[in-house]
Amino acid sequence: GAVVSQHPSWVICKSGTSVKIECRSLDFQATTMFWYRQFPKQSLMLMATSNEGSKATYEQGVEKDKFLINHASLTLSTLTVTSAHPEDSSFYICSAPRLAGGPTHSHRTQYFGPGTRLTVL
Amino acid sequence: DQQVKQNSPSLSVQEGRISILNCDYTNSMFDYFLWYKKYPAEGPTFLISISSIKDKNEDGRFTVFLNKSAKHLSLHIVPSQPGDSAVYFCAAGGSQGNLIFGKGTKLSVKP
Numbered sequence: 002g003a004v005v006s007q008h009p010s011w012v013i014c015k016s017g018t019s020v021k022i023e024c025r026s027l028d029f030q031a032t033t034m035f036w037y038r039q040f041p042k043q044s045l046m047l048m049a050t051s052n053e054g055s056k057a058t059y060e061q062g063v064e065k066d067k068f069l070i071n072h073a074s075l076t077l078s079t080l081t082v083t084s085a086h087p088e089d090s091s092f093y094i095c096s097a098p099r100l101a102g103g104p105t106h107s108h109r110t111q112y113f114g115p116g117t118r119l120t121v122l
Numbered sequence: 013d014q015q016v017k018q019n020s021p022s023l024s025v026q027e028g029r030i031s032i033l034n035c036d037y038t039n040s041m042f043d044y045f046l047w048y049k050k051y052p053a054e055g056p057t058f059l060i061s062i063s064s065i066k067d068k069n070e071d072g073r074f075t076v077f078l079n080k081s082a083k084h085l086s087l088h089i090v091p092s093q094p095g096d097s098a099v100y101f102c103a104a105g106g107s108q109g110n111l112i113f114g115k116g117t118k119l120s121v122k123p
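Quick note, the sequences are listed as chains A and B, same order. 2 is the number of the first residue of the first sequence in the working numbering; add one for each residue after it. 13 is the number of the first residue of the second sequence in the working numbering; add one for each residue after it.
Hints listed in this document are in silico derivations from the structure and should not be mistaken for laboratory results. Errors might be hidden in some of the hints.
As the list claims (entries may be wrong) - Computed spacing ranges between beta-carbons, pair by pair:
(1) B:I32 x A:S16: 44 to 50 Å
(2) B:Y51 x A:D28: 43 to 49 Å
(3) A:Q43 x B:I32: 48 to 54 Å
(4) B:I65 x A:H86: 32 to 38 Å
(5) B:I32 x A:Q30: 34 to 40 Å
(6) B:G106 x A:S10: 26 to 32 Å
Unchecked claim - To be clear about the criterion: a stretch of chain A counts as covered by chain B if any three or more of its residues have a C-beta under 8 Å from a C-beta of chain B, and this derived list gives those stretches:
(7) 86-93
(8) 111-122
Claimed, not checked - Simulated pairs of lysine-lysine, BS3-like, Cα-Cα distance not exceeding 25 Å:
(9) B:K49 x A:K42
(10) B:K122 x A:K42
(11) B:K68 x A:K42
We put the CB at the ideal spot given by N, CA and C, even for glycine.
From just these sequences and the hints, can you work out the full model?
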């Protein structure tokens, strides 16, 4: 089955430093990947859409200069949290879409990475 | 305004019985729907999906029903097992590829 990996799985950093999170599709290519953020006991919130070969598309309210996204290849997208602050502490999850379904119809599904727990001290 | 709603934050079911998780949506342009299962501090795991041209999709113990006129879908798990205890997210997708998630329903299956 489709697998999406993330690295690191958890990271603790000091306030003001930058943290890079990698998202890889392991057995399929993804021209688009998505980055989500989840606060405790809340749903997944889409932050941005990462596009291979072009700029990322950010959701309203997400600072693009703070959350830098680079879709370096068809299997790799990175999210860099710049000048991290304690309020950036959260669970960050990426996903990659892939066609699923049977011979009579197909549709997109998304496969998620295991997530990255970021704690900013 | 929430486009995808899961109105029950939690559900408790006895092992062996049926679990029914509900989801409502407002945007008739969604063309596929998915259910994900999520444990704490892990990424969501894809369970089952359904295209808007279908009204039912079944995979083992999991069945998803779609009622387009009511803009409602449900996930049935039967028989429920203790290992099914998790948070279940309903999600809807459109032509742009991104997903809109509900807030989740925490399912507890008791032995």
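Hint check results:
no.: 1; hint: B:I32 x A:S16: 44 to 50 Å; verdict: holds, 45 Å
no.: 2; hint: B:Y51 x A:D28: 43 to 49 Å; verdict: violated, 23 Å
no.: 3; hint: A:Q43 x B:I32: 48 to 54 Å; verdict: violated, 23 Å
no.: 4; hint: B:I65 x A:H86: 32 to 38 Å; verdict: violated, 46 Å
no.: 5; hint: B:I32 x A:Q30: 34 to 40 Å; verdict: holds, 37 Å
no.: 6; hint: B:G106 x A:S10: 26 to 32 Å; verdict: holds, 31 Å
no.: 7; hint: 86-93; verdict: violated (count 1)
no.: 8; hint: 111-122; verdict: holds (count 7)
no.: 9; hint: B:K49 x A:K42; verdict: holds, 14 Å
no.: 10; hint: B:K122 x A:K42; verdict: holds, 21 Å
no.: 11; hint: B:K68 x A:K42; verdict: violated, 30 Å
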